[in-house]
Structures are given as structure tokens and as C-alpha cells.
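Based on these hints, arrange chain B on the given structure of chain A.
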Amino acid sequence: MLAASRDAWLDWTWIGNNTDLIWASLREHLVLTALAVLWGLVVAIPLAVAARRWRWLYPPVLSLGGILYTIPSLAAYALLIPYTGLSRTTALIPLASYTLLILVRNIVTGLDGVPAAARESAVAMGFNDRQRMWRVEVPLALPAMLAGVRLATVSTVGLVTVAGLVGFDNLGQFIYLRGFRDGRRTAIVVGTVLIVAVAVLADLALVGLERLATPWKRRVRGGTGGGEVVATEVMADLADSRAAA
Amino acid sequence: MGFISDVVHWFGDGSNWTGTFGILNRLREHVLLSAAAVLLAMVVALPVGFWLGHVRRGGFVALNLAGIGRAVPSLSLLLLLVQAIGLKSWPLVGSVTALITLAVLGLAPILINTYVGMRDVADPVRESASAMGMTGLQQASQVELPLASPLVVAGLRTATVQIIATATLAAWVGSGGLGRLIVDGFAVRDYPQVFAGAILVSGLALLVDGVFALAARSTLRRARG
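Line order of the protein sequences matches chains A and B. Using my numbering, you'd call the opening residue of the first sequence number 1 and step up by one each time. Using my numbering, you'd call the opening residue of the second sequence number 1001 and step up by one each time.
Hints in this document: simulated from the structure, not taken from any laboratory. One or more of the hints may lead you astray.
Said to hold, decoys possible - Example chain A residues on the side facing chain B (calculated, C-beta under 10 Å, incomplete):
hint	residue
1	42
2	74
3	162
4	176
Cβ coordinates follow ideal geometry from the N, Cα and C atoms, glycine included.
Looking at chain A on its own, in the form it has when it is part of the complex (with noise of 0.2 Å):
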């Protein structure tokens, strides 16, 4: 009997004894999302304006969102947990650094691509630096600066799945506990639709802010849908090989 409800690929009654633990994973799962990508944009902003500033910053700064990109996540608890514990932050420092390098090239980018007339006229008009920064260039490069943050957060909520592994209580540990060890197809298939669905209505989420974020493009054209975030990174892979070039 026992085995027949574990090799069910979905069991309504196992999930509806256990709604109590789905809901506390679903939390921490949100909640170490929101809180990786909130320090990436503390982290990231201060970095990408410095880039501006003095532009030989910006290649050895990629250079090492690269290199942190690179470094595996589980090596990573591994190493911090004997000094940090199962604490967030043990899980938030990977998380956050992994976001630094969508989140930096999309800033730079985004700032980057403000035409020249607009800054022009906003001299023009009589506006100081900081006027112009954040009523002129933050705005028109906000759908560039977003779309990194929507990409930095669809793969953060892949990659809290990792840190679910070693210890951390959230959607992962979830899989990888009541559905991997306990050999329960039914967790590891409500884990995996709960994770894409965060991932899903995450994205969605900021497209929406995107579309309040930027009311005079609604005018134009029917808003943004995924196209232009595709675009983007595509736009971004192909600077980074230029750069490297």
C-alpha cells in the first residue's frame, strides 16, 4: 500500500496530510529569492556606477562576476557553513554573488544606451547632474536594468534549489528530502511545478512593474513581453564575446 502511493507521480491525500510543510518551503523559497536578488542590486548598483565613472573598471569587474559565476554553489555552503552555520546569510552570499553579473552589465547597459539627445537636452533645459541622472537616464534605461533584474531572478529561483541540498529549509530541500531520499514521486512533482510557478508569476510580477515603471512606452506599443528580455541577454552574450575579443 505504502509503495503503491509513493510511485504515484501525484497524490492528493500525501499532499493534502503535508500543506503545512509545502507552505513553509514555498515561504523560505520566496523569501531567500527576494532577499538574494535585493543584495545583488545593493551590491551591483554602486558597482555599475563606478564602472561609468571610470570605464576601466568595467572589464576586470565583469571579468570577476564571471569568475564567481563559475564557482559552484554546493562548494560554496560547503566552505561557509563551518564559519556561518545554516544561517541565510550562508545561503544568501553565493546567491546574491551570482547575480552581480546580469545585474551590472544590464545596468551599464541600459545607461549606456540613453541616446546622446536626451542627455543633451536635459543640459539644456537647465538640469544638474543628479536631475538628470534620476529624471532623464535612470528612466530610460529602467526596461534594460529590469530585464536583468527578471532574468537574475528566474535563475535565483533555480539556483536556491541548490542550496536545499545541503540543509536549507525551502522548496529544494523539499525535492530532495520527501522526494529523493523518501523515494516520492509526488513531492518531487509538486516541488518542481511550485518552483516553475514562482519563477513564472515572479517574471510576470516585474513585467508588470516594468509596464507602471514605464507609462509614456504603453503609448507607443503594446508593452514588453518576453522578446525583448531574450534580446537583451542575447545582446549581452554577444558584447561580452566582443569584449573578450
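Coordinates of chain B only, in the frame set by chain A:
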């Protein structure tokens, strides 16, 4: 300081390099598994991106499918596949379960870059090609693909680096590769070995990234003519 010298000692110990559990064997497993996954992803994604980009159709569906595919974490997919097909193993590449997981990870970057690269070849270029009497296939393979090649290479580069870094996860379900140094070391709290494993995986990813940077330079030069 003590930790760093432990790591240096670990690398200096000859017994850590040889045998099934040694660096050389783990490196070989990692490279073979990753290379097979990249090849499998290419075989699927390149023709699809090539064709859709050439006819400039179906892009919305393809890009969104790839986007949703990317939202499925590799760990989820790996564990689902372990349940569905078990832990099958092939000679040379090792775990088939890990191979499929990693190949799926590589699909999105290759497909998206190939599609966008082919699609965005300028209309006058396409028109000149057909005015010269080229057939659709000639136009796609002799004109559009070379112009799209910098983006195609960029997509392969992203896919390969991600696959090499993620192949670490395969060790968690008993597969080989450099991830075993990390997982086994973690299990017995041998942190110098974990650190050594991390250095080796990152080093391999950065090395391959560097090779792609050189390839990107030459394709870019050729595409510009």
C-alpha cells in the same frame, strides 16, 4: 593560512591524482559528460534555431518554450529523471540521467542565439542572395549562418560553461565527475578536498570560456569580412 596550506597539501599528494577517486579520472568523467551533453543539445537546438530563424517564424513559441524550460531547475529535472528512468549508465559518458539533464540545460542558450542570429540578418542581404539565384537552403547556409555565427558561438559558449558548472550536481545522485570531490568531501567534512574540487570545476569552466573567447574573436572577424 592553515586552510590554504591544507589545500596545497591536498593537491601535492600524488594519491589524490590517480585511481577511480583521483583528480585525473574525475576530470576525464567531467569532460566526457559535459562534452556529450553539449553535443546532444547542439544536435537538437541548432537545426531548430537554424530553420525557425531562416523562415522567421515560430519564434514566439520557441523562445517562450525555452524560457519555461530554463525555469525548471536542473536539480528538479535530475531527480524527476532518476524516478522516471532510473540511474542508467553508458560507457564513456557515464550517467545517462545526468546527460539528459545537462543537455536540456544547454538547449535554451543555443536555440535562442541561433534563432535571433539567423532572424536578424538584414533584408537587403537576404534579397541580394536571392537575386543572385541562391535557393533558400543555400541562402541560409552560405549567407545567413556565417553572418549569425558570432551569436551562435556566443550561445554555445554560454551553454557549455553552464553545463560544466552544473555537471557538479550529477555527483549528488551517484554519477562521476569533479562534483564527486565536492560531494564526497562534504560528506566526510574534508573541506580542503571540497575547495580543491571547486577550484578544479571553476578552472575548467574558465579555461573553456577562454577557448570560446578566442573562437569568438575569429568568427567575429570572419563575419565582418
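Do the hints match the structure? See the list:
no.: 1; hint: 42; result: violated (25 Å)
no.: 2; hint: 74; result: holds (5 Å)
no.: 3; hint: 162; result: holds (6 Å)
no.: 4; hint: 176; result: holds (7 Å)
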